[in-house]
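Colleague: Here is what each chain is made of, one letter per residue.
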Amino acid sequence: MLQFLTKRLIGLLFVILGVTFLTFIMGYFAPGDPIVQLLGQHFSRAEYLQLKHAYGLDLPWYQQYYNFLKHLVQFDFGYSYQYKNRAVWDILKDGVPISAELGLWALLIQVLVGVPLGIFSALKANSWLDTTNMGVMLAIYAVPVFVLGVLVQVAIVWLDQHVGFGWPAANWGNAWSYSWSDIQFKLFPILVYAATGVAYFARLSRTSMLEVLRQDYVRTARAKGMTERVVVYRHAFGNILIPIITYLGYAISFLVAGAFFIELIFNIPGIADITLSSIQNLDYPVIQATTVLLAVVVVLGNLLADILYTVVDPRIKVS
Amino acid sequence: MDTKDQQSESVSPGVMLPDTTLVPTILTPDTGTYPIEGDQKKKSTSPLQDSLRRLRRDKRAMVSIGVIVFFIVLALIGPPIYQHVGGPYQSSVNGVVGPSQYHSFSYEELGQNTQDQLPSAHNWLGTDEIGRDILARLMQGVLISLAVALVVELVDIALGVLIGVLAGYYGGWIDQLLARFTDLMFAFPGLLFVILIAGIFGNWADIHLSKIPVVGPNGNARLLLVSLALAFTTWPLMARYVRGQTLQLKEQQFIEAARSSGTSSWGIIIRHIIPNLFSLVIVVATLDISNTIIGEAGISFLGLGVQAPGSSIGLMIAAGSQQILAGHFWEVLVPCCVLAAIVLAFSFLGDGLRDAFDPKSKD
Chain D
34 MLQFLTKRLI GLLFVILGVT FLTFIMGYFA PGDPIVQLLG QHFSRAEYLQ
84 LKHAYGLDLP WYQQYYNFLK HLVQFDFGYS YQYKNRAVWD ILKDGVPISA
134 ELGLWALLIQ VLVGVPLGIF SALKANSWLD TTNMGVMLAI YAVPVFVLGV
184 LVQVAIVWLD QHVGFGWPAA NWGNAWSYSW SDIQFKLFPI LVYAATGVAY
234 FARLSRTSML EVLRQDYVRT ARAKGMTERV VVYRHAFGNI LIPIITYLGY
284 AISFLVAGAF FIELIFNIPG IADITLSSIQ NLDYPVIQAT TVLLAVVVVL
334 GNLLADILYT VVDPRIKVS
Chain H
9 MDTKDQQSES VSPGVMLPDT TLVPTILTPD TGTYPIEGDQ KKKSTSPLQD
59 SLRRLRRDKR AMVSIGVIVF FIVLALIGPP IYQHVGGPYQ SSVNGVVGPS
109 QYHSFSYEEL GQNTQDQLPS AHNWLGTDEI GRDILARLMQ GVLISLAVAL
159 VVELVDIALG VLIGVLAGYY GGWIDQLLAR FTDLMFAFPG LLFVILIAGI
209 FGNWADIHLS KIPVVGPNGN ARLLLVSLAL AFTTWPLMAR YVRGQTLQLK
259 EQQFIEAARS SGTSSWGIII RHIIPNLFSL VIVVATLDIS NTIIGEAGIS
309 FLGLGVQAPG SSIGLMIAAG SQQILAGHFW EVLVPCCVLA AIVLAFSFLG
359 DGLRDAFDPK SKD
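Taken in order, these protein sequences are the chains called D and H.
Converting from the first sequence to my numbering requires adding 33 to each position, the first position being numbered 1.
Converting from the second sequence to my numbering requires adding 8 to each position, the first position being numbered 1.
Quick caveat, the hints were computed from the structure, so don't treat them as lab data.
Keep in mind that a hint or two might mislead.
[As the list claims (entries may be wrong)] Mimicking SDA-like on lysine to any residue, the simulated pairs with C-alpha atoms at most 25 Å apart in a straight line are:
(1) D/K103 x D/V325
(2) H/K67 x D/K103
(3) D/K103 x H/R188
(4) D/K157 x H/K67
(5) D/K157 x D/E134
(6) H/K67 x D/T240
Use the sequences and the hints to build the structure in full.
Modeller: In structure tokens:
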């Protein structure tokens, strides 16, 4: 088990290194001189050189990359180009809890709604309930998240205008607090954010469940006279967890990409929203920091999946 | 091909006819096995013919092909026809304008009767918030989506097959490199990479790439960047699939036979392995197309893809979503539905192809 985890950990460290290098090199080759942008129209050459030195941009690229890594390890993301003398972390610190809240709720809903829906469908396989459920799930899975988001927004506004629903169509309440107005703000963005994953988890657990139910040991359990309940939840359920955990890592990666759309559509001031506005301003230190942060989230998700493997799969524990 | 024609017709006329048109010779390496005079009545079908017959029975996949063909035709010959429909009229702002102007995707007209219109005989799908014709913009947007999908899939297939086959056949350092690289690309959310590339190098592309004829103008310059970035993120998956299939293939007896009869490695790869990857590559590429179309639309939705005078479905959804609060739902619903239809069609077709090519699903 330890060997398995160490191997995965080394792989993930390599991934982090690769991601930091990609983000660094993109910023390094990015067109435009941030120092000129910072100084505005009138500046002397001495001022220019001094500021360039202050940001460490006069060093060769490998030294810049080394410094970048060194600061990352110390959780020091440097200073923003756009807002002089403002630390990058200062810009990010309001966005991080909001995005984390959005993502954690979405992930929770994906697993807690998607998996039961899939199992339910598998147990009623080929009935009208199953086909309707899977048809809806396929449609939700295939339609891009920003189309879903926009459609939900249209529905809210239509209800507001024609039925007097009185529900907010955008914005975010206070992070991690759940008064009625906060819930009103948060409910629909989280549901839309979770929808794609719910659909995927449902489809995945249906197929896995159907496959497991065809196995010999399930037939044996039934032959022994076990009730259907015990067969499904004791014998079969544990075995569908492995593909579900495998997908968990991908689900987090999809959530990170989806954040850009959800935060834009519902006007949520999260970390993806900050990334988008710093892309507009070509504020590379912020872009680099958010990219590394998001990549670390994905890598941690994969690590979580690996750890969960060792819990549910006894084969890994033994080897 | 003549004998085959007659033969298949004699077995089941009508149903079998399209087969001969759908089976290009490159796909069936075993072209030596044409039926001889004696067993005219016995039907010997190649695996590909079997697959295509299964595909034709799949109603969902056939409807999807219909939808896809409809959108391709619409994008290619829709605009020139639409620009000849309707007569000139006296505009309050721009003088007399003919249909070739007001039915083009970039014509704007601000006015009481030209902004935010519902469908009419004049503008078949209505107009948007600055008086542009929605149908014209939609057709241009579909064209952009399909063009990007085509470019990305070509790069995806070329790179994915090349690297995948090399990694699977030779193993060694190229295999290691591919494995590490795919790990990296899986951990780095693909869309985030495309967002960064499009965002950071977008302005540069607007200035420098817009001079390229055909693909450059109309705010499409960034699409080159977006396409390359999308291809860059999709090929590792293709390569991984191809690698897996190659690993299986190279252990099979016909490869061994080819090797023992003195065929070189390159000969084996080109003549025996790559033709056998056909079904896998087609299925993966079809499924990738819907992801690519979503990707391009998403990037344009974020404002990092196609720029203002140009049109893209994503850009239309973004513009339309600004009009939701004003109650002009139509402008956002149309592009949403079209995007959903295209994406669903490619996904269903991909699913259908996968089932059809699966040797386990024997009718």
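Colleague: For every hint, state whether the structure bears it out.
Modeller: Quick rundown of the hints versus the structure:
1. D/K103 x D/V325: holds, 14 Å
2. H/K67 x D/K103: Judged against 25 Å, a Cα distance of about 58 Å means the pair is violated.
3. D/K103 x H/R188: holds, 23 Å
4. D/K157 x H/K67: OK: D/K157 and H/K67 at ~24 Å, within 25 Å.
5. D/K157 x D/E134: Cα-Cα ~34 Å, so violated.
6. H/K67 x D/T240: It holds: about 22 Å lies between the C-alpha atoms, which stays within 25 Å.
Of the hints listed earlier, those the structure fails to meet are numbers 2, 5, in rising order.
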